[in-house]
Amino acid sequence: MKASAGGYARARDLSHALDLLADADGMGRVLAGGQSLIAAMNMRLSTGDMLVDISRISDLSGVSVQGRRLRIGALTRHAELGRDALIARHAPLLAQAVNHIAHAAIRNRGTIGGALAHADPAAEFPACVLALDAVLHLEGPEGSREVRAEDFFVDVFETAIAEGEILTAISMPLAEPDEVQMLKEVARRSGDYALAGLCFVRRAGGVRLSVLGAGSTPLLARAAMARLDMEDIGGAVAALRGELNPPSDTQATAAYRRHIAGVLLRRIWEEIGGESA
Amino acid sequence: MTISFGNPDRPNSYIGKTVPRPNAGRLVEGRGHYVDDMTLPRMVHVVFVRSPFAHARIKGIEAADALAVKGVLRVFTGADIAKVCTPWVAVLAHLKGLKSPPEHAIAVDRACWVGEPVAAVVATSRAAAEDGAALVEVDFYPLPVTGDMMTALDADTPVLHADMGDNLAFRREHHEGDVDAVMAGAHKVVSARFKTARHTGVTLEPRSILVDWNGAEGQLTAWHATQAPHMIQSVLAQHLGLEEGRVRVICGDVGGSYGIKVHVYPDEVATAAIAKIMGRPVKFIADRLESFTTDIHARDHEIRAKIAVDETGKILAFDIDDWTAIGAYSVYPRTSAIEGNQVVNLCGGPYDFSDYRAKTTVVFQNKTPTCQYRAVGHPIAVAVTEGLVDMAAAELGMDPVAIRRRNMYADDCYPVTSPAKMRFEGLSHHASMDTLVALMDYDGLRLEQAEMRAKGIYRGIGIASFIELTNPSPFMYGIGGARISAQDGCTVRMDPDGSLVALSGVTEQGQGTEAMLSQIVAEGVGVSPSRVRVITGDTQVTPYGGGTWASRGAGIGGEAALQAALALKASILEVAASMLQAQAKALDIRDGKVVDADSGAERLALEELGRIVYFRGDTLPKGLPRELVQTRHFITSEYPFAFTNGVQASYLEVDTDTGIVKLLKHWCVEDCGRIINPQLVDEQIRGGIVQGLGGALYEEIHYDAEGQLLNGSMADYLVPMAGEMPDMVIGHVETPTMESTLGAKGAGEAGTAGAPAAVMNAINDALRGLGAQVTEMPFTPERILRALGKIED
Ligand SMILES: Cc1cc2nc3c(=O)[nH]c(=O)nc-3n(C[C@H](O)[C@H](O)[C@H](O)COP(=O)(O)OP(=O)(O)OC[C@H]3O[C@@H](n4cnc5c(N)ncnc54)[C@H](O)[C@@H]3O)c2cc1C
Numbered sequence: 001m002k003a004s005a006g007g008y009a010r011a012r013d014l015s016h017a018l019d020l021l022a023d024a025d026g027m028g029r030v031l032a033g034g035q036s037l038i039a040a041m042n043m044r045l046s047t048g049d050m051l052v053d054i055s056r057i058s059d060l061s062g063v064s065v066q067g068r069r070l071r072i073g074a075l076t077r078h079a080e081l082g083r084d085a086l087i088a089r090h091a092p093l094l095a096q097a098v099n100h101i102a103h104a105a106i107r108n109r110g111t112i113g114g115a116l117a118h119a120d121p122a123a124e125f126p127a128c129v130l131a132l133d134a135v136l137h138l139e140g141p142e143g144s145r146e147v148r149a150e151d152f153f154v155d156v157f158e159t160a161i162a163e164g165e166i167l168t169a170i171s172m173p174l175a176e177p178d179e180v181q182m183l184k185e186v187a188r189r190s191g192d193y194a195l196a197g198l199c200f201v202r203r204a205g206g207v208r209l210s211v212l213g214a215g216s217t218p219l220l221a222r223a224a225m226a227r228l229d230m231e232d233i234g235g236a237v238a239a240l241r242g243e244l245n246p247p248s249d250t251q252a253t254a255a256y257r258r259h260i261a262g263v264l265l266r267r268i269w270e271e272i273g274g275e276s277a
Numbered sequence: 001m002t003i004s005f006g007n008p009d010r011p012n013s014y015i016g017k018t019v020p021r022p023n024a025g026r027l028v029e030g031r032g033h034y035v036d037d038m039t040l041p042r043m044v045h046v047v048f049v050r051s052p053f054a055h056a057r058i059k060g061i062e063a064a065d066a067l068a069v070k071g072v073l074r075v076f077t078g079a080d081i082a083k084v085c086t087p088w089v090a091v092l093a094h095l096k097g098l099k100s101p102p103e104h105a106i107a108v109d110r111a112c113w114v115g116e117p118v119a120a121v122v123a124t125s126r127a128a129a130e131d132g133a134a135l136v137e138v139d140f141y142p143l144p145v146t147g148d149m150m151t152a153l154d155a156d157t158p159v160l161h162a163d164m165g166d167n168l169a170f171r172r173e174h175h176e177g178d179v180d181a182v183m184a185g186a187h188k189v190v191s192a193r194f195k196t197a198r199h200t201g202v203t204l205e206p207r208s209i210l211v212d213w214n215g216a217e218g219q220l221t222a223w224h225a226t227q228a229p230h231m232i233q234s235v236l237a238q239h240l241g242l243e244e245g246r247v248r249v250i251c252g253d254v255g256g257s258y259g260i261k262v263h264v265y266p267d268e269v270a271t272a273a274i275a276k277i278m279g280r281p282v283k284f285i286a287d288r289l290e291s292f293t294t295d296i297h298a299r300d301h302e303i304r305a306k307i308a309v310d311e312t313g314k315i316l317a318f319d320i321d322d323w324t325a326i327g328a329y330s331v332y333p334r335t336s337a338i339e340g341n342q343v344v345n346l347c348g349g350p351y352d353f354s355d356y357r358a359k360t361t362v363v364f365q366n367k368t369p370t371c372q373y374r375a376v377g378h379p380i381a382v383a384v385t386e387g388l389v390d391m392a393a394a395e396l397g398m399d400p401v402a403i404r405r406r407n408m409y410a411d412d413c414y415p416v417t418s419p420a421k422m423r424f425e426g427l428s429h430h431a432s433m434d435t436l437v438a439l440m441d442y443d444g445l446r447l448e449q450a451e452m453r454a455k456g457i458y459r460g461i462g463i464a465s466f467i468e469l470t471n472p473s474p475f476m477y478g479i480g481g482a483r484i485s486a487q488d489g490c491t492v493r494m495d496p497d498g499s500l501v502a503l504s505g506v507t508e509q510g511q512g513t514e515a516m517l518s519q520i521v522a523e524g525v526g527v528s529p530s531r532v533r534v535i536t537g538d539t540q541v542t543p544y545g546g547g548t549w550a551s552r553g554a555g556i557g558g559e560a561a562l563q564a565a566l567a568l569k570a571s572i573l574e575v576a577a578s579m580l581q582a583q584a585k586a587l588d589i590r591d592g593k594v595v596d597a598d599s600g601a602e603r604l605a606l607e608e609l610g611r612i613v614y615f616r617g618d619t620l621p622k623g624l625p626r627e628l629v630q631t632r633h634f635i636t637s638e639y640p641f642a643f644t645n646g647v648q649a650s651y652l653e654v655d656t657d658t659g660i661v662k663l664l665k666h667w668c669v670e671d672c673g674r675i676i677n678p679q680l681v682d683e684q685i686r687g688g689i690v691q692g693l694g695g696a697l698y699e700e701i702h703y704d705a706e707g708q709l710l711n712g713s714m715a716d717y718l719v720p721m722a723g724e725m726p727d728m729v730i731g732h733v734e735t736p737t738m739e740s741t742l743g744a745k746g747a748g749e750a751g752t753a754g755a756p757a758a759v760m761n762a763i764n765d766a767l768r769g770l771g772a773q774v775t776e777m778p779f780t781p782e783r784i785l786r787a788l789g790k791i792e793d
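Chains A and B, in that order, are what the protein sequence lines are. So the first sequence is numbered by the working numbering: it starts at 1 and just counts up by one. So the second sequence is numbered by the working numbering: it starts at 1 and just counts up by one.
The hints are simulated quantities; they were obtained by calculation from the structure and are not laboratory data. The structure presented is a predicted model; accordingly, all values stated were derived computationally and were not measured. Be aware that one or more of the hints could be misleading.
[As the list claims (entries may be wrong)] Ranges between beta-carbon positions, derived for each pair:
# : chain 1 : residue 1 : chain 2 : residue 2 : range
1 : B       : Asp497    : A       : His103    : 43 to 51 Å
2 : A       : Gly191    : B       : Arg611    : 37 to 45 Å
3 : A       : Phe157    : B       : Ala79     : 40 to 48 Å
4 : B       : Asp163    : A       : His103    : 47 to 55 Å
Cβ atoms here follow ideal geometry from the backbone N, Cα and C, with glycine treated the same way.
One chain only, chain B, in its complex shape (with noise of 0.2 Å):
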């Protein structure tokens, strides 16, 4: 069955509108059932006692006067905890050499991070068991820290893990055609060195797990805010010794993930663990400062890199240096060498040219463990990309559109694969730029520009491109040996009053997946959206999935659920067509009433199709179908993954005595294929925006050199807040992937990858001609003062 989509007057229009979310009323009613939400009978909570060192052995543990609090029932140490739970080890094959020590859920004996959990107090309340942690003595043998990423590799710098041999974790070097010799050649060459901050993803709802083991049925059931149940269920079946199908994972409300929540924690696997022994449920929620400490961070990156161009501005070649130090251990199952790899995947990717060498060395410190987090490796490559298309206008005096102009990828020259070897199925860099143009304004908005300046007020306008990878296949982890599926399912049902039940494995984190699906299924089965109930996130009742990640969920998910919608109104029209002696084919259904397809005259209601299948069966032929339930699953098959593409453009003001950048204004043109809720993928797009624009001006984890972490707050970790955030402008190009009926790719990321170069761009062009240029995020007043040469020290 196909659909109409150019046509917005079909039946059962849904997919293409914005229709309500069926939680977000829930949600804004405050019913959300969160798992702090949740008490059970029994229940008990663990706090961690954590490493205060960045690198400490543990001589030993001393907890008599923590069990002496009131309300305090157990201590544990990493040694207790080994004894029920394996330690895991974060590498993938496909990543050749990734290297990483096994790492305990508690420490063992020896500590690597400040946060990392040392032991584990276990009592009645969080508040008695916090009471507890506070008296648990541990005897610390401080051991050199390493903790700056340049120089992790030099000779005198201590090896944070003897049996690895030396700090480096990862290093892969792309190389194609001859980029010294095309350098040596070029007309122009323009280097720069990049950094970008350590970020994390701060989550509104923190890391959230309650488990209960239920000896009697040899089953562990984890209500857990996870990005990707099935894969937690299998990890906690492998480290506890169980059986995957005595697992069940339990995902209700998620109160957002962003990346953060679709890794394994040591603190939640020992909850599991704890949970076990005690044959007691056992609930942690992370609190604020946990957060800081112990979410993944991501993004501490810093990158040397060079462009070549000639005479016309075309690109002749990119050379890119990125280095990224990852915390004390590689995350588990999806590893940290990721993020450096999608820099070596991702830079120079909108344009066409042939020349291009990309390393990333991936190094240990004591510092918390980064992995994966919104738009991975997007930001930095793009950044670093368009920086450097941006220098190299200005050596050519070259506008920055006509530059990019002249070098994106032809909007019908797909497919076409890469210099870094990513296969591109169809995008559309020049369709989405001339929409952005028009959108800002350009030429009026640059005239605006040369006004102001002649008024002494620094403006600049600042356009990054930019593709994402969305949709991955098993490519991406699967091939590595991981249990993580990149296929997805949904289970469609029709119950006796008509309505339906939607069983989908890709899961709600508050970005309205459950909103996606629901329309989905409205129209592939010919309903209201309101006659859809949504099921995700429980290991035993959804089928097998990946879960949430790597924009997935519309693309792999909503396929799925087109697919089993689709099924379903087969079988529902063959009941139909047997009960109206008609030809199924004549028939179809719209508004939950079977009509004749032509005419569109009513000849059955749903209801009372339902009841005669369910109550009267009787009065049907035997041995006519009637399963009103239909799954179908979806798997990429011929791309790795669905690239989307797009361009953003920033607007701002600097104030050059202060360093203050004001945001005026912000677009974005993106490509995400079929657009199945506008409301939601422009609301994706801007959040998106907002968490780069937090990147570029805001957000930046420090620690001083002993790897102490010094802004482990709201007050101290600045997230971008609403009232400096810009007015921001969304346009779409749609370019549907061939790879599904639906034809969507990912919109998740795409703000978030392009917002910080936009920015950057932006700062740069209003700085232009005063002889300053910042290039290492976020651009604080002080680091764009400091680049005026405005302060003395």
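This is chain A alone, in the form it adopts within the complex (with noise of 0.2 Å):
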């Protein structure tokens, strides 16, 4: 199929991007690293939009420690947070995602913003920003504000993005000396959206776990958290399973997602020294 957009223009920087998206008369579409909607464009999944296309506005790209915060431009791409030194030391979760995302051509393109911003249930790293309590910038007609992680993921594809709203920026704090970030999943295939994977995070202040593939937004598993602080790996396992709603489709069927949610649990635990029972 051929895509079908309403228009194109290109943001000079973030002002501009604004007016534009102000101008198109609720049509307008931000467009980052264009594979998530490209994507859907080519299939007419979205027809007529005004695309506003911000992937030249060089300052919302790259990685910075802003004093106890790690600080990621909503533009940075997959394939650079892969390799970069500051994610590596202070984001490890988001380096091992990379990893997990499609292929190199589409890494090389995609950037972290879109990926929040299309909020695919069962994409890496929404799941991983819920599991690292990041927090998220949005710069709207009306000013900035800042929605943490686990308020921003409404629904399948739904976000708490607002009309001429543009993600701009996600911040997070930077991982403990001694913090654990681990990110395991289950692909059918190298590169595929996963059937279900887990983002567990463990630091002073306890743990905190997202599953992914497990619903319609990626879920923060809170009575596992509650239990694997209290170091009872066979109780989070069982509350991993009941707090899950994964869907059933031609991959896998929800009983098998909510089981393999419950091995990939162990299997973290059992990597990170954690007594099984």
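Hints given; two lone chains; assemble the complex.
Now the structure itself:
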């Protein structure tokens, strides 16, 4: 199929982008890496979009440490995150995630902001930012605001980003010296969206566990987290299975996905030297 | 003339060597020329409105909004097309009882599967045609859907084609001996139910056709991504009411076919009809979704099967009950009964046993039609046979290699006729097995497997012997009345500069046909392969032939090329003998030069001979034949098919907590007769194995109960990818066929035939002792865990 776009404009800078969106009569659509949006347009799942290409806005890209937080520009590409020294040190979960996202060609173009704004419940980055307790920075006609990852994902492909707003950056606490960050998933083929996956973070404040591919949004598995804080892996696995509401589709049933989530949790626990019971 | 193939140091010894592919550089540099690369003056694009229902009456079509779209020129309904294009009925006389209703290029009053064309929109661009297609309003009245295969013949299942009486398309039962009696008295009888999933071929280049009707010349030209240009010529002529000679089919580069592009597709015929109506070139390129919904599907089978063995592991009988559902129509003109028929022909293939019963039941349903796809029926027959053999071995406590050695036809027993009435000219099951066992260090691997098992790691080894049907004679289609040539031809010409042009009726789909032809012609005449240009795929240029299917290119097309080349060599030497005042038989051609056969001393360069013949023919004796162009045809005559054989092995690891299978290594030893180009053969085997592994682990088209296809994208229909593919070790045994000088049989489908069975047996080997067994492909992680009883619903 041939895409049917309503128009295209390349934004010079953030305020230009916001103006273009404001002028688009509700048809405005941010174009970042295009790895989800263009595919959707090529299947005519999305038509008539007034594309606002933000990909050349250089100050929306890059990783920096700002005080005790790590800040990632929304336009930072998957491949860049995968080789960034600051990411490796302060948010290794994201670097692990990159290895599971699609293939090199897609990682070279896809952006973390695009992945988060797209909010595919099976994608890696949404679950990662949930586990990392990140904050998403939005800029809109009304100014800027911040949304916690826990409040950001609303439904399948739906986020807290309002009409005319742009996701500009993601920030999160720097990993503590002995913090554990681990991503494990099961996919049919390397690079496929996972059938189910877990993001595990253990820091002084406790364990944070998020699940991808387990429902309409990435899920923070609070009941399992509470059990893990008590070092009760058996209870955590049971709690996790209870918390999930995964889809059944042509790849696997909900029952399989639930089972896998438990298997992955046990494997993580074993790998970090936890007692199994 | 003969060629001493046994001597690798013979002059011009290109047959049997890996030589560069003449078209590889061009394709790699992006200079391939595919149908979609072509733009003709006044060309328009057609897009099809397709049925969103699996079964619906078409009550009306409203096209006004579509016609209002800028760039849209015409909208055609089925009735419009039916005025210039007759429907077809895909049956063959030798498949007794096969029935199928007339099928139109565009559905006239009823759509029978999701994706069937119901209208066509023609516009100046593909995008405009799509805009128009979205606005065509079709008034559908949904009808009851027949989806399930096993209940298709039940009394309360709606009959899809009322005129046909029931949903049975074809049934064949073959019975040799007395299977019931043997089963009743056998030491052990093992039975199982197997399923193979609906697949499709997923060619890199989608189906593509560009058709131009030139009324002034009275000629229709179709540039078509096809495997069988002459067959398409015949079909277009017949259904558009033209003389065959007034239809020209040109087939340039083709980006993969795998059998998908050997069939007649309604939308492609409609494109030709529209070109004829509009008098303008019309292009149709399927997009990926259309490929999934409208390329033929295949392999949707369910089989209940039994094997009987005695105490020593001797196979006594097989009993096979195969069912397959072929969608809404039998596919034209090869029909959709062949796959089931092949299962009947091929089960038990490698084994010397006597009592055999096999039945196939082929039913209609409201899904995309199925038809022949790489290794037609073989992966199914091999999975059933080899699955049962392994289960029998396990029952008897026998090693899988040992039970096969106990039962395979002895290498010195040929010719022999199997209980399925297949005639084998010469196979090498034991030599192949010996080679495989050595290549893979079978005993070492068993030790390793046991060691890993002790550590809680579940590895499995799976073996699958197979036979493969290649080089078909007219027994495959011709005797049934189809205008599909089993014969093929080649013309070889020498031009003034001493270079050669070879025109062949077999086609290049990306698999290397032209490389194979160039080296055969090079050796046959005595020049370097770089001096041979090969032309294929043009019905007005090449000799008449069948094209590419049933692994026939090298065996049939290659022999025609060899004979044409040898004939040209004789013509050249006749001229040279006259020029050199020598005996033709004392001369030879080596590396583009006429030489003394004994000493090898150079006498005359071919370019000099060419100069004299073409420009100074006056200096040659009057009446001296100087025909530097020769054509030969070849058809097999002794055997209906040239069977090949081989054996594959898979080594893999099953994660018994996630159900994920990791392929560790794969081996294949096969015997395709004379190997013309080792690298091409090895890569055909590897590519075929990959396709077989796809069937074993990943590929499955899903439909819901309403007949909606659920996974029509590359994200949801999983093809095998490089990351998951194991190293593959390929070995060969060479048993040339005596039907030809070349001795080549087919090699293109062997990999696909055996790989799924090898993987199935390896998984079950890994799971043995855990009380789990899988027989339903693909072996998804979930199916494996369910077999292990690990999933709580
Ligand atoms: C074959 C394939 C396989 C893939 N596999 C995976 C996988 O395994 N795991 C995975 O996680 N992802 C996968 N992806 C998706 C990939 O990661 C995408 O790159 C990503 O989801 C979107 O990022 P993008 O920059 O390309 O966004 P785009 O495609 O440009 O945009 C996506 C959406 O987000 C919006 N958007 C983008 N940026 C912003 C912004 N800054 N502010 C507001 N809205 C914005 C767009 O308007 C659009 O709606 C795959 C993609 C492909 C094509």
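Identify every previously stated hint that the structure contradicts and give their numbers, smallest first.
Of the numbered hints, just 2 does not hold.
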